[in-house]
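Participant: Sequence:
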Amino acid sequence: MGGSESKPAPRPPPSPPKPAPRPPPSPPTLRTPWRQVSWGNNASDLDYVKNYKPENEAVRHIRVLLHGPVGVGKSTFINSVSSVVRRKVVIPALASSDNSEISFTKKFKTHTIQREGRGNIYPFVFNDVMGLEEGTGRGVHVKDIKLALEGHVKEGYKFNSVSPLTPSDHGYVSQPSPDDRVHVLVCLYSANVGEMKDGFLQKIREIREAASALGIPQIAVLTKIDEACEEVEKDLTNTFKSKYLKTKIEDFSRKVGIPLNCIFPMKNYCTETLLNDDVDTLILSALRAIIDFGEDFANTL
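Position in the sequence shown (from 1) plus 2 gives the number in this note's numbering.
Bear in mind the hints are in silico, worked out from the structure with no lab data behind them. Glycine is no exception: its CB is placed at the ideal position from the N, C-alpha and C atoms.
Label-pair ranges, simulated between beta-carbon atoms:
hint : residue 1 : residue 2 : range
1    : Glu59     : Glu235    : 44 to 50 Å
2    : Val92     : Ser170    : 37 to 43 Å
3    : Glu235    : Pro18     : 42 to 48 Å
4    : Thr34     : Glu59     : 41 to 47 Å
Here are the computed lysine-lysine pairs in the DSSO-like style, where the Cα-Cα straight-line distance is at most 27 Å:
hint : residue 1 : residue 2
5    : Lys160    : Lys111
6    : Lys148    : Lys109
7    : Lys111    : Lys156
8    : Lys109    : Lys199
The whole structure should be built from the sequences, with the hints applied where relevant.
Facilitator: See below:
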């Protein structure tokens, strides 16, 4: 009969394959810490620090020179060390409460830590200097730090960013004693900033080279780790599991040349009114290394 069969409707094209699910984000912490510490177990290190005495009788105290960019917490570090050793939160070194780009420290000053008994101090002292700033004529002059390493800078000397100390100046010590010399150099830098600019790095390298030429041992302290890493802010014992801090330390070590085992992450006492065992663990770890390195160098004088 003249009718034709109807054709079946064409099949729709196959649906494109669904994209593979994205892998979950990499966790911010490692399973295994990259450095082993005994969190909260501070009695041994504290006893060591409290009972330390220089072996070289010509050296009454180990002199520690702190340097680094403006705002990294050099004065706050001194206060934190003093707090741990004295077992109460103290603020003997005046520190700026903001992150100003202008150095709060203007003069060369020796900071001591009082111990039990009137007039007694611990046999390690800290010198805080004007902060490093990028560019010429800003911040502490690198030549002044070099002179301080050799003990030529007098107590109370006022830093001049443009004109460094000279032998004819009143603040120049012409014949420094073994006590006047720096026994260990500590570079502080912040975990809470981006890439350090070339101008800063060049000044830090220059200071490091001067210290190396004198045989002075050096360590670095990475400050503000709790502000830089959320996992560390939640739990300070994540410090050596933090991928961010590990990368930060490796990058600084590569650019400046300080070995990884001579770089110590740190949380200073800033807002706290009571001591914390885990904060103390990090501070004592760095302080013990400072004393050990300084003692070794003092014995060569």
